[in-house]
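*Asks:* Just so we're aligned, residue -10 is where the sequence shown starts under my numbering, counting upward by one.
Treat the hints with caution; some may be incorrect.
As the list claims (entries may be wrong) - SDA-like mimics (lysine to any residue), calculated; alpha carbons at most 25 Å apart, straight line:
#1 K55 to R165
#2 K114 to P166
#3 K114 to Q61
#4 K95 to Y76
#5 K38 to Q61
#6 K55 to M158
#7 K127 to P175
#8 K55 to G65
#9 K127 to A139
#10 K127 to S173
#11 K114 to D161
#12 K(-3) to E12
#13 K114 to D54
#14 K114 to H132
#15 K127 to E155
#16 K55 to R41
#17 K95 to E107
#18 K127 to S153
#19 K95 to R81
#20 K127 to M174
#21 K55 to L68
#22 K95 to L83
#23 K55 to D161
#24 K55 to M174
#25 K(-3) to E10
#26 K51 to D37
No lab work stands behind these hints: they were computed from the structure.
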Amino acid sequence: MAETDHTKDFLDSLAEAEAEENEALEEEIDSEEAEMDALRAERDDLRDKFMRALAEAENARKRSDKDRREAQQYGGSRLARDLLPVYDNLQRALDSITEDQREASKAFIEGVELTMRELLNVFNKHGLTAIRPEVGDKFDPQHHEAMFEAPVPGTTAGEIIQVSTEGFMLYDRLLRPAQVGVSSMPKSSN
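Between the sequences and the hints, there should be enough to build the whole structure, so can you do that?
*Replies:* What follows is the structure, given as structure tokens:
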């Protein structure tokens, strides 16, 4: 029986050792699972930060592309605005020429007209287009500047009665409004 007690003690100590080993393995597994959970959380956090940084970089690229396009299109607006009086003066000079003067100074006048056409070609090349309202057109505050109002018989209120200077657009932006006179003729009541 001593052998049976010895076997029983041996089996009990073996069971205890196995239980301790299982407990140690479970603690190690729990520790590894906790470490894996922490690594997953860190991975998810880093993935989120990476995606945000990627989105921010894309937004910055789009902003810089937009800024570059605007600078390219509208960067010369000051120069264009400064050239408008040159255009106005050339136009006034051409408008004031009489037929007698045209015959007497034909070559000179043709040179001025060629200069005017070249200036207009440069304007068009760089997105500068004229706003040319006509007498009788409706006043548009988005493109016209009213220099005066006057009651003119045969017109209606808000109708353009005189064009002082042409306006200009730089692509889709107003560079200078056309300066016009506008009718203030009240509507007649019949």
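*Asks:* Provide an ascending list of the numbers of those earlier hints which the structure does not satisfy.
*Replies:* 5, 24
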